[in-house]
Amino acid sequence: MKFKLNLLARIAIAIVAGIVAGSFFPDGLARVFITFNGLFSNFLGFVIPLIIIGFVTPSIADVGSRAGKLLVFTVMLAYGATLLAGFLSYFTGVLAFPSLLGGESLDTVEASVSLQPYFTMEMPPLMSVNTSLITAFVLGLGIAFHHGEVLRKGFYEFRTIVAKTIDVAVIPLLPVYIFGIFLSMTVEGQVGMILTTFAKVIMVIFVLHVFILMLQYTVAAFFCRGNPLRMLRTMLPAYMTALGTQSSAATIPVTLRQAVKMGVNPDIAGFVVPLCATIHLSGSTLKIVACALALIIMHGQAYDVATFGYFIAMLGVTMVAAPGIPGGAIMASLGLLSSVLGFDQQMIALMIALYIAMDNFGTACNVTGDGALAVIVNRVFASAKDTAGNEESEPVATA
Numbered sequence: 153m154k155f156k157l158n159l160l161a162r163i164a165i166a167i168v169a170g171i172v173a174g175s176f177f178p179d180g181l182a183r184v185f186i187t188f189n190g191l192f193s194n195f196l197g198f199v200i201p202l203i204i205i206g207f208v209t210p211s212i213a214d215v216g217s218r219a220g221k222l223l224v225f226t227v228m229l230a231y232g233a234t235l236l237a238g239f240l241s242y243f244t245g246v247l248a249f250p251s252l253l254g255g256e257s258l259d260t261v262e263a264s265v266s267l268q269p270y271f272t273m274e275m276p277p278l279m280s281v282n283t284s285l286i287t288a289f290v291l292g293l294g295i296a297f298h299h300g301e302v303l304r305k306g307f308y309e310f311r312t313i314v315a316k317t318i319d320v321a322v323i324p325l326l327p328v329y330i331f332g333i334f335l336s337m338t339v340e341g342q343v344g345m346i347l348t349t350f351a352k353v354i355m356v357i358f359v360l361h362v363f364i365l366m367l368q369y370t371v372a373a374f375f376c377r378g379n380p381l382r383m384l385r386t387m388l389p390a391y392m393t394a395l396g397t398q399s400s401a402a403t404i405p406v407t408l409r410q411a412v413k414m415g416v417n418p419d420i421a422g423f424v425v426p427l428c429a430t431i432h433l434s435g436s437t438l439k440i441v442a443c444a445l446a447l448i449i450m451h452g453q454a455y456d457v458a459t460f461g462y463f464i465a466m467l468g469v470t471m472v473a474a475p476g477i478p479g480g481a482i483m484a485s486l487g488l489l490s491s492v493l494g495f496d497q498q499m500i501a502l503m504i505a506l507y508i509a510m511d512n513f514g515t516a517c518n519v520t521g522d523g524a525l526a527v528i529v530n531r532v533f534a535s536a537k538d539t540a541g542n543e544e545s546e547p548v549a550t551a
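In terms of my numbering, the sequence shown opens at residue 153 and continues consecutively.
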């Protein structure tokens, strides 16, 4: 039987190995990994615009070609939920992180040794992040409204190529990249502060996950006149399944079954749950915003609401196109982290490590929230056709 570690386990091993190796590796050997990190970071910068065009363009084309009241309402509801999670994470972090992090700043830690790569290789991207986003919108809308089947099929194939690149050339090398970052930070004397920050930020994110789910189901309960705690209990199997699979798509059958148990019309559930598995990523957005804010505070940079508001708004769009692979959401957000928030190589690597450390909990939050959105959509659409029938089919959701 072939044993295979998941990405989270490999990242955890890479962090521990990097810390241990940093205490005894000779500078010459350490510089090999620093060189690799420089090359890998440049490759990520090259791939990011391709990820945006490859995933955002066909996603917008699909939404536009299937335009209808039910689809538009579901998409806007999912986007609104994602924005709410992002701003909740931001304002919570603004209030909590300055005191929780205890004034810790990476800029105040002087590196005892500064390792330099043996060589670098420039890999300039084909276009900037903003240009790629605008290009994706223009092409996606054009394909949708002019029914460009040739271009549509072409971008489907391009999306497959980009997804394969991430799956084969990026994700497998992430542990090596994380190893090099923690190796470098250990040599430079920064790793202790980083690990302490990790623990504090993860604790805050977990509390926020619980809160956002309670908020979503309280709103859903208002629509269906139900009991939010009972609804959450009904969705618990989907939450637990997502913890194990780390995949919203793989959890769809369980999410669908539990949504129907809450009284959602099977036809509505069959439409909303698979769609929201792709476009509703409140838990992922919440994690990215919280981690980004913590790292910015530690670097002593500004975190004004205007900059983060733009970042969250664009992140909500990018999340719709996140590839359906472990760590796909953070991969899709790297362009915004660098272009809007000014993240450098080290901050990007720490974001990846922090995000993946809670990837299963973020997926579980996304999936469980899909049930709340299905209840709201069901109340707005299904009850209009058969109010009496739906009210009778809500035994689990009601108090």
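Hints were generated in silico from the structure; no laboratory data involved.
Hints may contain errors.
Straight-line Cα separation of at most 27 Å, DSSO-like style, residue types lysine-lysine; simulated pairs [unchecked claim]:
#1 K221 x K413
#2 K305 x K316
#3 K316 x K221
Ranges between beta-carbon positions, derived for each pair [as the list claims (entries may be wrong)]:
#4 G306 x K221: 39 to 49 Å
#5 L252 x E274: 38 to 48 Å
#6 L395 x L252: 50 to 60 Å
#7 F271 x L395: 36 to 46 Å
#8 H298 x L191: 17 to 27 Å
#9 V290 x V172: 47 to 57 Å
#10 E309 x L247: 44 to 54 Å
#11 S175 x G300: 55 to 65 Å
#12 V320 x T283: 19 to 29 Å
#13 P426 x P178: 13 to 23 Å
#14 H299 x A454: 37 to 47 Å
#15 M355 x T459: 18 to 28 Å
Positions of the beta carbon are idealized from the N, C-alpha and C atoms, including for glycine.
Hints versus structure:
1. With a C-alpha separation of about 25 Å, the suggested pairing of K221 with K413 holds against the 27 Å cut-off.
2. The suggested pairing of K305 with K316 holds, with an alpha-carbon distance near 17 Å, which does not exceed 27 Å.
3. For the hint pairing K316 with K221, the CA-to-CA distance comes to about 34 Å; that exceeds 27 Å, so the pair is violated.
4. Restraint check, G306 to K221: a C-beta distance of roughly 30 Å breaks the suggested window 39 to 49 Å.
5. A hinted range of 38 to 48 Å for the beta carbons of L252 and E274 is consistent with their spacing of about 39 Å.
6. About 26 Å separates the C-beta atoms of L395 and L252, a value inconsistent with the hinted range of 50 to 60 Å.
7. Between F271 and L395 the Cβ separation comes to about 43 Å, which falls inside the hinted range of 36 to 46 Å.
8. The supplied range of 17 to 27 Å is broken by H298 and L191, whose beta-carbon atoms lie about 41 Å from each other.
9. Distance hint for V290 and V172: a CB-CB separation of about 49 Å, consistent with the stated range 47 to 57 Å.
10. Against the hinted window of 44 to 54 Å, the Cβ-Cβ separation of E309 and L247 comes to about 47 Å, which satisfies the hint.
11. Taking the beta carbon of each, S175 and G300 are about 57 Å apart, inside 55 to 65 Å as hinted.
12. Distance hint for V320 and T283: a CB-CB separation of about 26 Å, consistent with the stated range 19 to 29 Å.
13. Taking the beta carbon of each, P426 and P178 are about 53 Å apart, not inside 13 to 23 Å as hinted.
14. Taking 37 to 47 Å as the suggested C-beta distance range, the pair H299 and A454 conforms, at roughly 45 Å.
15. Between M355 and T459 the C-beta distance comes to about 25 Å, which sits within the given range of 18 to 28 Å.
The structure fails to meet hints 3, 4, 6, 8, 13 from the earlier list, while all remaining hints are met.
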